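**Student:** Order-wise, the sequence lines are chains A and B.
0 is the number of the first residue of the first sequence in numbering that gives the first Met the number 0; add one for each residue after it.
0 is the number of the first residue of the second sequence in numbering that gives the first Met the number 0; add one for each residue after it.
FYI, nobody ran anything at the bench for these hints, they're computed from the structure.
Quantities reported herein were computed from a predicted structural model and do not represent experimental measurements.
Wrong hints could be hidden among the right ones.
Simulated coverage check for chain B against chain A, where a stretch passes if three residues somewhere in it have a Cβ under 8 Å from a Cβ of chain A [as the list claims (entries may be wrong)]: (1) 129-143; (2) 181-195; (3) 258-265.
Which chain A residues face chain B? A few, computed with CB under 7 Å, are given here [as the list claims (entries may be wrong)]: (4) T180; (5) N190; (6) A251; (7) P395.
Computed footprint of chain B on chain A; a stretch qualifies when at least three of its residues, placed anywhere within it, have a C-beta under 8 Å from a C-beta of chain B [what the hints assert, rightly or not]: (8) 35-46; (9) 78-88; (10) 91-105.
A virtual CB, placed ideally from N, CA and C, is assigned to each residue, including glycine.
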Amino acid sequence: MKKLLFVLVIASLLLTACGGGAKPAAGNGPVTITFMMWGAPEEQTVWQAVVDDFQAANPNIKVNVEVSDWDSYWTKLNTLFAGGTPPDVFAMDAPLYLDWQSRGALLNLQPYIDANPGFLDGFYPQTLTAYKLDDGYYGLPRDFNTITLFYNKDMFDAAGMPYPTGDWTYDDLMAAAIQLTKDTDNDGKTNQYGLWTDTWDMELFWSELIWANGGEIISPDHTQTLIAEGGARDAWAYIDTLYKEGVMPTPATAGEYGGDLFQSGQAAMTTIGHWAVPGYVASNINFGVAPMPKGPQGAATSVNSAGFVVSKDSKNHDAAFAFIKFALSEAGQKRLAELGFSIPVLKSVAESDAYLKQAGGFDQKVFLDSLAFAHMKPVFKGYEEWAGVVGDGLIPVWDGEAELNATLDEVVKSADEVLANNK
Amino acid sequence: MEYGLKPLGREKLWLWVMLVPTIIGLAFGTIGSLLATLTLSFFDWDLIGTPTWAGISNYVQLFQNESYMEAFSNTLKFSAMYVPSVVIISLLLAVLLNRKIRGVGVFRTVYFLPTVTSAVATALVWNMIYGRDTGILNFMLESVGLSPVCWLCTNNAMLSVVIVNVWGAIGEGMIIFLAGLTAIPRDYYEAAELDGASGFQQFLRVTVPLVTPSIFFQTLIAAINAFQAYDYIYMLTRRSGGDSSVPVAVFSIYRNAFHFFRMGDASAQAIQLALLVAVFMGVMFWWERRYVVYE
Numbered sequence: 000m001k002k003l004l005f006v007l008v009i010a011s012l013l014l015t016a017c018g019g020g021a022k023p024a025a026g027n028g029p030v031t032i033t034f035m036m037w038g039a040p041e042e043q044t045v046w047q048a049v050v051d052d053f054q055a056a057n058p059n060i061k062v063n064v065e066v067s068d069w070d071s072y073w074t075k076l077n078t079l080f081a082g083g084t085p086p087d088v089f090a091m092d093a094p095l096y097l098d099w100q101s102r103g104a105l106l107n108l109q110p111y112i113d114a115n116p117g118f119l120d121g122f123y124p125q126t127l128t129a130y131k132l133d134d135g136y137y138g139l140p141r142d143f144n145t146i147t148l149f150y151n152k153d154m155f156d157a158a159g160m161p162y163p164t165g166d167w168t169y170d171d172l173m174a175a176a177i178q179l180t181k182d183t184d185n186d187g188k189t190n191q192y193g194l195w196t197d198t199w200d201m202e203l204f205w206s207e208l209i210w211a212n213g214g215e216i217i218s219p220d221h222t223q224t225l226i227a228e229g230g231a232r233d234a235w236a237y238i239d240t241l242y243k244e245g246v247m248p249t250p251a252t253a254g255e256y257g258g259d260l261f262q263s264g265q266a267a268m269t270t271i272g273h274w275a276v277p278g279y280v281a282s283n284i285n286f287g288v289a290p291m292p293k294g295p296q297g298a299a300t301s302v303n304s305a306g307f308v309v310s311k312d313s314k315n316h317d318a319a320f321a322f323i324k325f326a327l328s329e330a331g332q333k334r335l336a337e338l339g340f341s342i343p344v345l346k347s348v349a350e351s352d353a354y355l356k357q358a359g360g361f362d363q364k365v366f367l368d369s370l371a372f373a374h375m376k377p378v379f380k381g382y383e384e385w386a387g388v389v390g391d392g393l394i395p396v397w398d399g400e401a402e403l404n405a406t407l408d409e410v411v412k413s414a415d416e417v418l419a420n421n422k
Numbered sequence: 000m001e002y003g004l005k006p007l008g009r010e011k012l013w014l015w016v017m018l019v020p021t022i023i024g025l026a027f028g029t030i031g032s033l034l035a036t037l038t039l040s041f042f043d044w045d046l047i048g049t050p051t052w053a054g055i056s057n058y059v060q061l062f063q064n065e066s067y068m069e070a071f072s073n074t075l076k077f078s079a080m081y082v083p084s085v086v087i088i089s090l091l092l093a094v095l096l097n098r099k100i101r102g103v104g105v106f107r108t109v110y111f112l113p114t115v116t117s118a119v120a121t122a123l124v125w126n127m128i129y130g131r132d133t134g135i136l137n138f139m140l141e142s143v144g145l146s147p148v149c150w151l152c153t154n155n156a157m158l159s160v161v162i163v164n165v166w167g168a169i170g171e172g173m174i175i176f177l178a179g180l181t182a183i184p185r186d187y188y189e190a191a192e193l194d195g196a197s198g199f200q201q202f203l204r205v206t207v208p209l210v211t212p213s214i215f216f217q218t219l220i221a222a223i224n225a226f227q228a229y230d231y232i233y234m235l236t237r238r239s240g241g242d243s244s245v246p247v248a249v250f251s252i253y254r255n256a257f258h259f260f261r262m263g264d265a266s267a268q269a270i271q272l273a274l275l276v277a278v279f280m281g282v283m284f285w286w287e288r289r290y291v292v293y294e
C-alpha cells in the first residue's frame, strides 16, 4: 500500500513536470494552430466563420480561436510567452508592434511574402507602413481605422444648424460645440455637450489636432517627445479651451456617464473610428459622419491598424502563414467587412458593396477618403508606458486642477525619460 | 505542550495522504513562486527572451524610478491613513454594538455586509456616490449650500479611496473586536463602576487594555491588507489605457511585469514590498511582547 502510494505520488509529480513540454511535431499530418485575439463576443462569431471557411479549404489544419477582452489579452499573451507556449498566430495593435518585434518574439514573414508574389498589391499602402521594417514584415495589417467627426443629426436639426462638412475648420467645430452645449432643464448643469472625445490617448483627438497645427508627436529616431513644440502647444491650448468653455465634459465628469457620451445621446459630436459604428447603430443614434476639421496647416487625421503576427517559437510557421493569407484574402476580408467594426485593408473589398453598403445610413466613403490626409499613429518602443505618462500627466489640467503649460513641460520631461528607458 | 491525540500506524499514512495536496500547493504555488520572484529580481527579463544576470541593479534602479517611488509612497500614505482608521473605527463600532440594544443583529449585519460583497460591484456604486455632476455626495453638499467637490480628481482621489477601503474593512474588524469584547468578564466593569469610573474611563482603563490582543491582530491584518490594497483603488481610479490615478505599489508591480516587459524590476519591487511588510511585522511583534496583555 505504502509503496503503491509512493509510486503514484512520484508518477503524478513527473506528469505535472512534463505536461507543458510535449507538442505535436509539424509534419504532413493534421496540425492544430492557436489564434489569439482581443475583441468583443460578436467578433468571435465572425472569426469562427473565417476559421470554418479556412478549415474547409485546408482540411489538414485545425485552428483554435481564443478571444479575450483588451486588458486580459495582453496579460495572457505575456504569460504564455513567459511560459514558453506562445500562440501560433496572434493579433497585434500597430503601436505595440515594435515592443514585441524588438524582443525577438515575432517571425519575419518576408520569405512567405516573397513566395507569394503580388500578395501585398491589393493592400492600402498606408496600412502596411507600420509593419514594414528594414529586413521585411514581421506582421501584416488585418484592418484599419481612420478617425472622423461623427455628429448627431437630431441635435443639429433641433438647433437649426447645418451639418458639419469637409470644409470645417477647428474654429467651426468650437463655435458649433458652444452652440450645441445646453442645459435643457435649467438646473445649472449641462445635459447636452457640444463635443465628447477621449483626450487620454492620442488616437481620437489630440494627435489629429497637433498635426493640423503643424506639430509632431515624436522625433523620427524615437528619442524626443515633440508634443510641446511649436504648433503642438496651440493644439493643447485648444483642448484646454474646450474643457474650460464646458462644451466637453472633463474626464471626471465623463466617467460618471460611463464613457461614450455620444452613444448615450448626451453629446452632439464626437471624433472616433469606424469601430464605434455598430454600437451607435444599436443605440439608435441618428448620426452622420464628416472628415476631421482642418487646422492652420490643413487637414489631418490618424490611421491605425490591427494586424496579425506569428510567434517565432511556433512549431507550425507554414500553417500559421496559410491562415493569415486566407484571412487577408478577399473571402476573409469580406467576412470582416460584414462585422462592421473596422475597415478592410484590401482596397477591392473596401471599395465593394460588402463594405460600402453596411447598415448605418451614412457615407462610408468618408473613412476611405480620409486616408488621403491621414498620418500613421506612431509606432515606437515603450508606447504603452509613454501614453500613460502623457495621458495621466495631463488629466489634472483637464479636471481644472493644474495649469496647462507648466504641466506640459513636466509631462514631456517624464515622457522623454520613458523613451530613454525603452531604448 | 502535550497533545491528547497522536496519529498511529495507518493513521499516519492517511495523515500524509491528506497533507500531500496542500504541501504540493504550498511548495509549488507559494514557496516556489516566492523563490522564483527572488531569483528573477536579480535578472533582467522581458518574458520573451532569455533572462540575463543583472546583479543588484534592479534594486538600485528602484530608487531612481520616479513612477515606482510615487507608487510606493502612495502605498505608504494609504497605509498611514487606512490602518489607524480601520482599527479605531471598528473598535468603537464593536463597543457600540456590544450592548443590549434593540436590533443589534441588524446593525451588526449591516456593518458586516461590505465584507461579503464583491469589491467590483461596490466600487461601481461608490463611483456613483462620488460622481462630480450626478453623485449623491455632491448632491447632499449642494443641498446644504456647499460647493461640489471632485472626489475622484487627482487631488482628492487618495482620500476618497481610503474612505471606501476603510468602509469595506470595518465589518471584519468589528467581528474580531466583538469576539475580544465578549471575553472581558462583566465584573471588571462592575468593579470600575463601584469605584466611580465614568463610561469613557471604563473604556480607556478596562476595555482597551483587555482587547490589546485583538488590536494587535487587527493592526497586523489591516497593515497586510493596506500594503496589498488594489481592487477598490483600481476600480475607482482607473483610466483609459489601463492606468490609475492613484497608482499603488501592487499596481506598479503588475504593470511592470505584464505590460512594460520588465519582470526583473517588477520582482525587485515585489521583494522590496515583502521586506517592508516583514520589517513592519517585526516591529509589531516587538510591540506585542511589550504591550499586549493575554489573559
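**Student:** Mind checking the CB of N190/A against every CB in chain B and telling me if the closest is under 7 Å?
**Tutor:** With a closest approach of 10 Å, the N190/A hint is violated.
**Student:** For the stretch 181-195 of chain B, count the residues whose Cβ lies under 8 Å from any Cβ of chain A; is that count three or more?
**Tutor:** violated (count 0)
**Student:** Can you take a look at whether the stretch 129-143 of chain B is actually covered by chain A? Rule is 3+ residues, C-beta closer than 8 Å.
**Tutor:** holds (count 5)
**Student:** How about P395/A: closest beta carbon in chain B under 7 Å, or not?
**Tutor:** holds, 5 Å
**Student:** A closest beta-carbon separation below 7 Å is what the hint needs, so does A251/A meet it against chain B?
**Tutor:** holds, 5 Å
**Student:** How about the stretch 91-105 of chain A: do at least three of its residues have a C-beta closer than 8 Å to a C-beta of chain B?
**Tutor:** Since three or more residues must qualify, the claim that chain B covers the stretch 91-105 of chain A holds, with 5 doing so at under 8 Å.
**Student:** Go check the stretch 78-88 of chain A versus chain B for me, would you? Three or more residues, Cβ under 8 Å, otherwise it fails.
**Tutor:** holds (count 3)
**Student:** Tell me whether the statement that chain B covers the stretch 35-46 of chain A is true, taking a Cβ distance below 8 Å and needing three residues at minimum.
**Tutor:** Answer violated; 0 residues pass the 8 Å Cβ test.
**Student:** Residue count check for the stretch 258-265 of chain B against chain A: does it reach three with CB-CB under 8 Å?
**Tutor:** holds (count 4)
**Student:** So, as I understand it, the hint says T180/A touches chain B; can you test that by seeing if any CB pair is closer than 7 Å?
**Tutor:** violated, 14 Å
Hints 2, 4, 5, 8, counting from the list given before, are not met by this structure.
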